[in-house]
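As given, the protein sequences belong to chains A and B, one line each in that order. The working numbering numbers the first residue of the first sequence as 3 and each following residue consecutively. The working numbering numbers the first residue of the second sequence as 3 and each following residue consecutively.
Do not take every clue at face value.
[What the hints assert, rightly or not] In silico BS3-like cross-links for lysine-lysine, where the CA-CA straight-line distance does not exceed 30 angstroms: (1) A:Lys348 x A:Lys11; (2) A:Lys90 x A:Lys333; (3) B:Lys308 x A:Lys364; (4) B:Lys360 x A:Lys114; (5) B:Lys350 x B:Lys333; (6) A:Lys395 x A:Lys90; (7) A:Lys99 x B:Lys308; (8) A:Lys397 x A:Lys105; (9) A:Lys11 x B:Lys308; (10) B:Lys395 x A:Lys360; (11) A:Lys99 x A:Lys81; (12) B:Lys308 x A:Lys105; (13) A:Lys333 x B:Lys308; (14) B:Lys99 x A:Lys360; (15) A:Lys364 x B:Lys333; (16) B:Lys364 x A:Lys11; (17) B:Lys350 x A:Lys364; (18) A:Lys308 x B:Lys333; (19) B:Lys333 x A:Lys99; (20) B:Lys360 x A:Lys11.
[Unchecked claim] One-sided excerpt, in silico: chain A residues whose CB lies under 10 angstroms from chain B: (21) Val54; (22) His187; (23) Ile198; (24) Gly228.
Simulated from the structure, these hints should not be mistaken for laboratory data. Remember, predicted model here, so these are calculated numbers, not experimental data. Note that CB positions come from ideal geometry on N, CA and C, so glycine has one too.
There are 2 protein chains.
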Amino acid sequence: MGGPLHGIKVLDLTQALFGPYCTMLLKDLGAEVIKVERPPGGDMARGNGPFVRGMSTYFLSLNRGKKSLTLNMESQAGKELLLSLIRKVDILVENFKPGTMEKLGLSYAVLKQHNPRIIYVAGSGFGQYGPYAPKPAFDIIVQAMGGILSYTGEGPGRPPVRPGASYGDIAAAVFLCIGTLAALHERDVSGEGQFIDVSMLDSQVTVQENAFVRYLNTGTIPQPLGTRHPVVSPFAAFPTRDGYVALAPRGGANDQWPLFCSAINRLELIDDPRFQNGWLRTQHWDVLEPVINEALKTRTTAEWIKDFEGLRIPCGPVNRVDQVVDDPQIKAREMIVDLEHPKYGKFKVVNTPFKFSKTPTKAAGFAPELGEHTAEVLRDLLGLSADEVEAMKKKGTI
Amino acid sequence: MGGPLHGIKVLDLTQALFGPYCTMLLKDLGAEVIKVERPPGGDMARGNGPFVRGMSTYFLSLNRGKKSLTLNMESQAGKELLLSLIRKVDILVENFKPGTMEKLGLSYAVLKQHNPRIIYVAGSGFGQYGPYAPKPAFDIIVQAMGGILSYTGEGPGRPPVRPGASYGDIAAAVFLCIGTLAALHERDVSGEGQFIDVSMLDSQVTVQENAFVRYLNTGTIPQPLGTRHPVVSPFAAFPTRDGYVALAPRGGANDQWPLFCSAINRLELIDDPRFQNGWLRTQHWDVLEPVINEALKTRTTAEWIKDFEGLRIPCGPVNRVDQVVDDPQIKAREMIVDLEHPKYGKFKVVNTPFKFSKTPTKAAGFAPELGEHTAEVLRDLLGLSADEVEAMKKKGTI
Chain A
3 MGGPLHGIKV LDLTQALFGP YCTMLLKDLG AEVIKVERPP GGDMARGNGP
53 FVRGMSTYFL SLNRGKKSLT LNMESQAGKE LLLSLIRKVD ILVENFKPGT
103 MEKLGLSYAV LKQHNPRIIY VAGSGFGQYG PYAPKPAFDI IVQAMGGILS
153 YTGEGPGRPP VRPGASYGDI AAAVFLCIGT LAALHERDVS GEGQFIDVSM
203 LDSQVTVQEN AFVRYLNTGT IPQPLGTRHP VVSPFAAFPT RDGYVALAPR
253 GGANDQWPLF CSAINRLELI DDPRFQNGWL RTQHWDVLEP VINEALKTRT
303 TAEWIKDFEG LRIPCGPVNR VDQVVDDPQI KAREMIVDLE HPKYGKFKVV
353 NTPFKFSKTP TKAAGFAPEL GEHTAEVLRD LLGLSADEVE AMKKKGTI
Chain B
3 MGGPLHGIKV LDLTQALFGP YCTMLLKDLG AEVIKVERPP GGDMARGNGP
53 FVRGMSTYFL SLNRGKKSLT LNMESQAGKE LLLSLIRKVD ILVENFKPGT
103 MEKLGLSYAV LKQHNPRIIY VAGSGFGQYG PYAPKPAFDI IVQAMGGILS
153 YTGEGPGRPP VRPGASYGDI AAAVFLCIGT LAALHERDVS GEGQFIDVSM
203 LDSQVTVQEN AFVRYLNTGT IPQPLGTRHP VVSPFAAFPT RDGYVALAPR
253 GGANDQWPLF CSAINRLELI DDPRFQNGWL RTQHWDVLEP VINEALKTRT
303 TAEWIKDFEG LRIPCGPVNR VDQVVDDPQI KAREMIVDLE HPKYGKFKVV
353 NTPFKFSKTP TKAAGFAPEL GEHTAEVLRD LLGLSADEVE AMKKKGTI
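Taking the hints into account, I'd like the entire structure generated from these sequences.
As structure tokens, then:
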């Protein structure tokens, strides 16, 4: 057991969402993640609501199963302690403002002298270089600057809408994780680590490759489209009697258009020359949409799904979050996990999406209290005695 | 050079977006990706617009630098050829409907007898098991079923909005890539491959962890919020005289609220007890938003950004895609890459977001013509002669 990264040790200097989401994935995959927190407050996300029974659910979810060690990197003794730990771990992840580690005398150039195998993973808002490198960033800033807000919305002329999830942080976090794992394999081969620089803004561009490629090669600027697809139709969510249904009948060689028209009882559309393929249907959407809307409004989402499923037309309800949690597929895949703690009680978090045949893994462990594992980590990795740890605590090093 | 995955060979049976985005990342990271396409048409995405000078820009972007080999897996000779290739590669990726490879006699159980080191990566809409396993899925279906549409939109009571990018496909693709790389490291250690199952719907739940954790532990169902954050305020995009500006002044211990109020010349807000922290400001947003909107409408986005940057308040414009392309940071980071082809000419695609110190890599190579590398791959990997390849072609195996 233990997941595919069993045996890998990560020193995690990150806070908030971007970095901790990356190290959450590493932990879920089986790595040991040691969260290094600055005393006295630690990760600022410990203060993010909502709180339940005194526990920040925001913090709990991102930090389940990690260990927490307090360490003051501004003190000389703290720096030396960090360097001792660097010699014992495989990966360091940080999402400080670029230049922070250099100023502390803890740059990659220094760290690799202490451990040439260390993989140094640097996440930041705008990257380690370039004119915006020193600028602060949060999710809404990079989602706005990266372009997605400009074409997420009800339609042309309507105000921009932010995708509900923190994709500015999370897109960067998954790429940070991919870069880390690619470097880990490279180290398995070469024996040497390296430095990886991933930015939130760059990551925004990479996840939107299709919108950019369309603009770069045709000059067409993406516009807000409600729930529609820019190229293929129908491919959208439509109002029903009691909610919304998402529909995406196949186009191309096996066009399901005739099947779809028959399902919604609009047989006259089948041979209409304006609607003979997905691209044409997009061109004539202003004519087509009201016809489809009128047909679909007459029955419930569940009724429509039963019909469309019978025809093998791709479809699904527009679920609220509570409905997703109750979904039989989500249950069968065990995507919601219970975490229990003797002091805080039982909480629920979202599982990791990886199903491995040989090294199965899932979200496990509670979020650590600030410094909960300081003595344990210093004993296990560095052989420090309880007295030595106590002395460091008195000095304010940990 | 060559990227951290240099030397790794991937047999890529995927089509459309989800699978090919994963193997695009593997290629960008340095792996050799051999795209196996079914004759006569190959990947259906070859037919996806927009076309420029006869090239599908959609297909080009996702398949840059891959090799294309045609192979008919339904024929006995094609199956045998695939098994010969399996013995020579490290990773197989497919995003067929679950059960497809079993029906062809090419299940993981069979493949690992031919190559115990093979990593078998299976992406699907709903996963390899569970009641929805056989159902077809597209991006809009899983984004709808996964919940994000229900809380992406202008506000409560407004219709659902689809995040503009295909996050249903792309979230799954990045997790598929992470699973692959974690298994690759595990194989570096153990010498054995394994099977990985990642679904689009599961991936939707994992990327929305914060929304789910809030609901699961407090019972609050996420609602559409325009560009706002569910917990902290201000954290949104606001209309200016000529566009929108995104603003996220820091909260918490170093609350920038007084600075922000002074920047927008609303000093009376500084000490108002309703606005003393991010959570309170969220509670009183109905009062606060019109005041901020009125202040910000008086000047241009560029003017506001100059002021807020001077105060180090996190801010940025809501860019259109064309503005992102012209952004100096995007240029400094070389996030747009030219690809040139003797027949098709010059195109632009989005770069990969990884900056590695030792094994640098970027998006490179053109998308292959259907079967362009069939003879080359069969010669290099299996030692087949031109005559043997020709005979296979005549038989319809390739």
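> Going through the earlier hints one by one, which of them does the structure break, listed in rising order?
Replying inline: Hints 2, 3, 9, 10, 13, 15, 17, 18 not satisfied by this model.
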